[in-house]
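Engineer: These protein sequence lines map, in sequence, to chains D and F. Going by this note's numbering, the first sequence opens with residue 2, and the numbers climb by one from there. Going by this note's numbering, the second sequence opens with residue 55, and the numbers climb by one from there.
Check the hints yourself; a few may be wrong.
[What the hints assert, rightly or not] Some chain F residues close to chain D (C-beta under 7 Å, calculated; not the full set):
no.: 1; residue: SER102
no.: 2; residue: ARG104
no.: 3; residue: GLU108
no.: 4; residue: PRO126
no.: 5; residue: ARG131
no.: 6; residue: VAL142
no.: 7; residue: ILE160
no.: 8; residue: GLY199
no.: 9; residue: GLY202
In case anyone wonders, no lab produced these hints; they're calculated from the structure. All C-beta atoms, glycine included, are put in the ideal place defined by N, C-alpha and C.
For reference, the chains in residue letters:
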Amino acid sequence: MSAAATNIAAAAEAGPFESWLASGAEGLPAIPWLTAARGTARARIQGQDAPTSKSEGWRYTGLRALIEQQFRPVDEPVSAMVPDDIEDLLVPDLDAHRVVLVNGHFAPSLSSLGTLPRGARVGGLRETLAQDPDALEGLLTAIAGEGAHVFTSLNTAGMNDGLVLLLERGVALERPVELVHVSVGMDDPRVAQPRHVVGLADGAQATLIERYVGLGESLYCTNVVIELALGRHAILKHRRVQLEGPQGYHLSGLYLSQGASSRYEGVNVGLGGAWARTDLVTRFRGEHAECDLAGLYLAGDKQLVDYHMDVNHGLPNCISRENFKGILHGKGRAVFDGLVYVARDAQKTDAAMSNRNLILSPSAEVDTKPQLEIYADDVKCSHGTTVGQIEPEMLFYLRSRGISAAVARRMLCLGFAGEIIDALGNDALQQHVADEVGGRLEAPPA
Amino acid sequence: MLSVKGLKANVDHKEILKGLDLEIGPGEVHAIMGPNGSGKSTFAHVLSGREGYEVTGGSVTFDGRDLLELEPEERARLGLFLAFQYPVELPGVNNTYFLKAALNAIRKSRGEEELDAVSFMRLMKEKLKILHLDDSLLKRPVNFGFSGGEKKRNEIFQMALLEPKLAILDETDSGLDIDALRIVADGVNALRSPERSMIVVTHYQRLLDYIQPDYVQVLASGRIIRSGGKELALELEERGYGWVVDEAAA
Chain D
2 MSAAATNIAA AAEAGPFESW LASGAEGLPA IPWLTAARGT ARARIQGQDA PTSKSEGWRY
62 TGLRALIEQQ FRPVDEPVSA MVPDDIEDLL VPDLDAHRVV LVNGHFAPSL SSLGTLPRGA
122 RVGGLRETLA QDPDALEGLL TAIAGEGAHV FTSLNTAGMN DGLVLLLERG VALERPVELV
182 HVSVGMDDPR VAQPRHVVGL ADGAQATLIE RYVGLGESLY CTNVVIELAL GRHAILKHRR
242 VQLEGPQGYH LSGLYLSQGA SSRYEGVNVG LGGAWARTDL VTRFRGEHAE CDLAGLYLAG
302 DKQLVDYHMD VNHGLPNCIS RENFKGILHG KGRAVFDGLV YVARDAQKTD AAMSNRNLIL
362 SPSAEVDTKP QLEIYADDVK CSHGTTVGQI EPEMLFYLRS RGISAAVARR MLCLGFAGEI
422 IDALGNDALQ QHVADEVGGR LEAPPA
Chain F
55 MLSVKGLKAN VDHKEILKGL DLEIGPGEVH AIMGPNGSGK STFAHVLSGR EGYEVTGGSV
115 TFDGRDLLEL EPEERARLGL FLAFQYPVEL PGVNNTYFLK AALNAIRKSR GEEELDAVSF
175 MRLMKEKLKI LHLDDSLLKR PVNFGFSGGE KKRNEIFQMA LLEPKLAILD ETDSGLDIDA
235 LRIVADGVNA LRSPERSMIV VTHYQRLLDY IQPDYVQVLA SGRIIRSGGK ELALELEERG
295 YGWVVDEAAA
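Here chain F stands alone, though its shape is the one from the complex (with noise of 0.2 Å):
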């Protein structure tokens, strides 16, 4: 499904990424966690194609396509998904509309008919409950005044809506309370399927109790330098990443 070997990345002329390895299969959910200033970011957006990075060497192989050669939205219409940390605000840009737009894009990458108005609202509509969100945010501009809370929330919406093959969920925890971590990490669940692979990014254990993963990544200076069940992840919470880096140093 994902393949990364040996990629190696630059942000302002600087080494983030330094030989990076993971292989991802179907249906897989993989943890990747690191301490800050790792690379974790740096991967999540690489993989999605935002400007600013330089691939310096190294391959992505996803669905036996060359990843790195495609456009974002390309990369997108072949099912790769990227659940913002920080979703951004577009003022005046109606969800609805922006919705609709992503789908049917996606839709007819894929060779199926647009959706009518009709089966569209009704389709929005059943992934709101999943996300216990209220109808009035598909007349709002995206993002635009929402909580914290809900714009993590309209990210796995808008996943749940146009589900992606590959899923990165980018510290999706990060700045949610419990509850709203609850109800988001419910969201994910309700989306794992054995063709469904994702890559939950995060600093800290506590998503990993509601997203079990079924591997966990260790990045730290560009590289994964440990992988583990899920029980990695609660050695971490307890030991920090120093020996791991450590361990691996030595």
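The shape of chain D in the complex, shown without the other chains (with noise of 0.2 Å):
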């Protein structure tokens, strides 16, 4: 039997995530109420079998290929890269204080962060628990906690690095911070699994951006958790990309936790990897609270996106929206899985869902599933849900004009798209992911 077989064997034995725990819980300090966190995850993780097409939040997202790579964890950063190596998966033009990660772990001579004003604190999660063991305390695992799935409790156990923005009572940053996750491929396949956790105090403000890159074509997993509490009155606005690189996988699973009269604007993109999935997970603290939720994905030939969310309106008085389009073509596979939960005590709910989606080609295929859980009775909810095509009076008309078919059908991807681009509220950012966008749709005939 090969050494691989060997493995392979010893892992079913073990638990599919076997190979995931084969190190990483020793890279962050030891700190009493984080370690017995992370041994409790650790715990949940070898009681379970991996979740099957059977349980309803992976019906139509296949588990098998990923659990068959039997990825490791990356213990050591990559101390070898310049910022030269980094210079092309930057966006052009994008005024931020910016932190690199690299597999990971936090890369400092990438990162350039700039000057904060007083009240906040930017940098990377060992550092910070290293220099402060208690700063994150009630944050960092406590929002999550057992989170969405086993890959939220494999993050608990195998994190080792990750951001922290933490922003006192008041404080608004002008400029964006940006979150730069750079995977470059090693020998063997790797999983980083980098743990994000961002508070805001009463009354603060930011804008993050969160941005993940792939550098070549290798094949890796990212496995990132964040989770993120707004104070009363705090705003976040909050934009993440999603560009691994053709071979990727990428888990991504969000815990928002809103206080009174927060509000919380973030915009989803996926448009990269090989198969990529995200949980959103929102929690009311406080009333008045608003959750705003958007998103953009894009799937061709191989490639699966699939984002699920969650948001549990246990109290009155908040609003919550969730807006994704999705453009599929080729053979490519989208699944939108909303919840809307409004609890009994929560008066004057105000929620909205919408998933609309263009199929360019008769092989793609999307599985959309927008759900509302309603025991109040005096709310406002509503959803929609379309699945279309391009209209073929659109394209005559640009067509009519001397625009070739496959421009025509670009343009009107991105004119779809373009509600959901606008909402990234960055000229630099927009284009980004314009060009990203009409780049990956059918190229034009030159």
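Starting from two chains that each stand alone, build the complex the way the hints lay out.
Structural biologist: Dropping the structure here:
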């Protein structure tokens, strides 16, 4: 029996994710509350089988190929990289406090934090915990808890670095914070498990741009978890752009806890990777909070993109929006599963959910499932789903003006996506995303 | 310039054009009039290459080329332009971006250089004035949320920008009040030239008070049944279409 086969057999005995747990737990300082939470997560994983297509959350999103890769953690930071190596991965003209992570590890030499105002803390998770062991107590692992599924537990057990963004009461950052997560191929399939913590105290305001990119075309996995806590009247504009490499697996769990009258504006863009799954989980801690989740996804040949949302209105008077648009071409596949739960006491809830899809090829597929569970009787809730094709009249109109069919199709797709791209609210980022969307759609003949 | 011989076309397996003949020379303006359902819009669409129209016979030659074998964009690049009866709204597609793509596609096919941003803006502003259109139109999505009059003016604005050899105006007067009609007609008249031919498709004589045709063609039951000068339009206005149809049948 080969070494690899032995590994797989051993892994099957110890559970499907044994290779993921091979090390990593030592990467962070030993702080009692954190060590306890990580131990609990590890125990939870070891008692579990991998989810199958029989579990509702994974019905259309197969895990077999991912598990068979037997990903191993990245224990050591990649130290050999210089800023020139990532030059091509940066967004031109994007002015931001930039934090770069490589394979899950904070890379100070590639980052450019610039000057931060008093009361703002931006840096790596490991260094933050080393400097100030209690700075993240009540946030890190506390917001996500058990999480949406086993991959959150895997991250909790295996994390060894990430981004920390903490703003004290009333602090407003003028420039966005940009997190660039770069995946660099290794000799064997590796999983990076960055863990980010964002804490905005009462009245604090920030824009966070989170980008995931792959260098080269290697096979790897990113399993990121981000925990966000917004205080009263805090405002976070959060832009997330997933542009993993063509063979990349991407798992992303976002856990958001919103205080009274806080406002969260999230725009999720999913364009890259071979297989990508995102879970967005929102809980309200106070009334009159507003959570706005927008998204744009694009999938072509050999691509699956899956967005799961879980917005729980446990309190009255909160507002939530889910507005996702998808473009499917080639043999691309997408899954949208949006759940809005309104508890009996959550009167005056205002919730709207929309998922619109544009299908460009007969081989593309989308499974969309908007769910509203409403137990209160005085609420305003709506949902709508569409799956359509490019209108022939629109295409003809453009062609009748001399524009080729391929370019016309691309213009109409960008027009469809425009609403979400505009919501990014940053010219440089909008241009970047529009270029990426355009470039990924069928190239026009020369 | 345009030579149509015995053109037959079906829509949904029903024959709409039944042997249409028409010759148009350079610089000529032809009005095509006819009762509802006579095939006027079908003819306009077949010329522009819209899908869903099956040509079953005859030929169309445009500038020496077999028009019917060309894609819609190829026809446009050769200098054919259709002003739509119902201009299509394109939400999210910026008007400037659209116009630039169209103009540069056409310029490129003529072997001309693409226009740079400054020259393009200058050209657009000059053409906007002809149609009494506001600059703000350029920032909006194509036809999206435009009033009926704005949509029609935007069609003629595009025609001014793309400078076609043959423009087909499909019921451009429909839905316009008298002021909007005058602006559109003035725009069209400003574009008349010895090299530019036009087909003005209309149900009513009203438009022809403003755009004076060289010839009036009466289309009924899929054929041109009568040709004449502009005085024919006035006669049709007075007496209706019945007598022409009857005479043609006799």
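Engineer: Double-check ILE160(F) for me: the hint is only fine if its C-beta lies closer than 7 Å to a C-beta in chain D.
Structural biologist: Since chain D brings a Cβ to about 4 Å from ILE160(F), closer than 7 Å, the hint holds.
Engineer: Holds or violated: the hint that PRO126(F) contacts chain D, with Cβ atoms closer than 7 Å.
Structural biologist: holds, 4 Å
Engineer: Tell me if SER102(F) is really an interface residue toward chain D, meaning its C-beta lies closer than 7 Å to one of theirs.
Structural biologist: holds, 5 Å
Engineer: Can we keep the GLU108(F) interface hint, with Cβ of chain D closer than 7 Å?
Structural biologist: Not OK, violated: GLU108(F) not within 7 Å of chain D, min 15 Å.
Engineer: Should the hint that GLY199(F) touches chain D count as held when the rule is a Cβ pair under 7 Å?
Structural biologist: Cβ of GLY199(F) sits 14 Å from chain D, so the hint is violated.
Engineer: A closest beta-carbon separation below 7 Å is what the hint needs, so does ARG104(F) meet it against chain D?
Structural biologist: Since chain D brings a Cβ to about 6 Å from ARG104(F), closer than 7 Å, the hint holds.
Engineer: Min Cβ distance, VAL142(F) to chain D: is it shorter than 7 Å?
Structural biologist: holds, 4 Å
Engineer: Can ARG131(F) be said to touch chain D, with a Cβ gap under 7 Å?
Structural biologist: holds, 5 Å
Engineer: Holds or violated: the hint that GLY202(F) contacts chain D, with Cβ atoms closer than 7 Å.
Structural biologist: Given a least distance of 16 Å, the restraint on GLY202(F) is violated.
Violated hints for the displayed structure, listed by number in ascending order: 3, 8, 9.
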